[in-house]
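**Q** Listed here are the chains, written in short residue letters.
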Amino acid sequence: MTARGRAALKTAVWLVALVPLAHLVWGWWTDDLTVNPIEYVTRQLGETAIRLLLATLALTPIRLLFGVSWPITLRRLLGLFAFFYVTLHFAVWIVLDHFFDWRTMGDDIAKRPWITVGVTAFLLLVPLAATSTTGMIKRLGGATWRRLHQLIYVAGVLGVLHYIWLAKKVLVQPWVYAVLLATLLGIRAWATARKLSARWIVLGSRG
Amino acid sequence: MRLRYSDVTPSTLYLSRRELMAGALALAAVGGDAASTTAAAPAPAGAALPATPNPAYRVDDAPTKFEAASTYNNFYEFGVNKEDPSRLGHTLKPRPWHVQVDGLVARPKTFDVEEILKLAPLEERIYLLRCVEAWSMVIPWIGYPLSALLKQAQPRPGAKYVEFTTLKDPEQFPAQKPTFFGLGSLDWPYTEGLRLDEAMHPLTLLTVGMYGHVLPNQNGAPVRVVVPWKYGFKSAKSLVRIRLTDTEPKTAWNKAAPQEYGFYSNVNPNVDHPRWSQGTERRIGEFRRRKTLMFNGYADQVASLYTGMDLKKNY
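Sequence order for the protein chains is D and F. Take the position in the first sequence, starting the count at 1, then add 18; the result is the number in this note's numbering. Take the position in the second sequence, starting the count at 1, then add 14; the result is the number in this note's numbering.
Simulated from the structure, these hints should not be mistaken for laboratory data. Any given hint might turn out to be false.
Said to hold, decoys possible - Not the full set, but computed from the structure, chain F residues with beta-carbon under 8 Å of chain D:
1. 85
2. 96
3. 149
4. 199
5. 271
6. 290
7. 291
8. 298
9. 302
10. 317
Yeah, the Cβ is synthetic: ideal placement off N, Cα and C, and Gly gets one too.
Based on the sequences and whatever the hints tell you, model everything.
**A** Structure below.
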């Protein structure tokens, strides 16, 4: 892909990824954030974060299945946008929902598994965002960096679990994300298993 | 002297301009025929419903805006989203409507809703409404004590509980249509229940209106109960049957998630929902959370119903 093509693609991602935020800002401006705005904003930010996290995790499976690798160039950008929305989601919880009531929030983190896993998912994403620069990749070395960034799988699972546990059991949406995430991780697992078994065969034929 | 909500909040304030205009248009369109106004104007102001304010039942907080109370609803028969009931409410037809009162009563009877409207003098009562999801509203309801209806039916000595059943009709309640593996759905019809002494308590209101008008469809037209010291889902809507029994009725949310929604479901800041604290609530229209009050602030009137009971066990 040409440098120009890449730039155009990244611009498109920027625009699309900012739509949910623009939608909320517009809603705030026009006083159209439902009658329970804090709950609504929290939910929209969280849902956007999960979608972007899944989009980030979808790029490798796309390469594995269809052999197209150019989407990988968008991985860092999508991942950072996912982190951006998770951070806003968390900030709204702290500032607007609980207004710095640290005791109540601490209680919630300790007592309620869905909040525990949600906060954990956020904390796991912090080092990934911090080491997302090209400089950091060089400093850590490719192998270490890759191992560290496998934390995104854990964060993805915890994020979806957070949604499943917080929602009423009769809601469908969280389960849709769970199926999507399982599919994306399943494709990777399948590819890894194939690679490993291929190596086994190679090793065996040498023996 | 305490002020009535209507003294401090003129109806032009709690009815938004949009609702007033919609109501006026609907009235103009049908020429003031009360019954068809209800059907034609599902969402906002239906027919006006005269009622006498009962000064014994009011709260000092300002009522929630009508627009909020009629667009932010949990009524899963229309869908799981808060805006579904007001968006889809027009499919419900609150006339003709009948309510069957039977079970352990000396005089079982099926009431026409018009008869229910005239069975006892209509009162306006301003109640707090606390949703199990930790938000709350202040709503001026219109109705009369459920006990007036139950007394007509004459409960038999063995009657210990009252079961409420909401209409089951997928044509009128779109979300009652079968879904993929029952996902996104409760076990229809929606049923709720109270102990007989709770049902006979003067606070328990058989409700036919709010904000000076008949109930909007999305708020449970044409007739529902309102039990202000319990979480909102206990106040069953669009009732077609009230049955007295000697055994504790199965209730819809208890069947869906028994660890989360008990039979009693009294508002209680000291008994958390398994997934969130019930210690605070967000009053719709306010920014900061408020402390939730025991029995939603009605402890002086209802605490004696539960003397000696472990409310952590009987959640």
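**Q** Checking each numbered hint in turn, tell me which of them this model violates, lowest number first.
**A** 10
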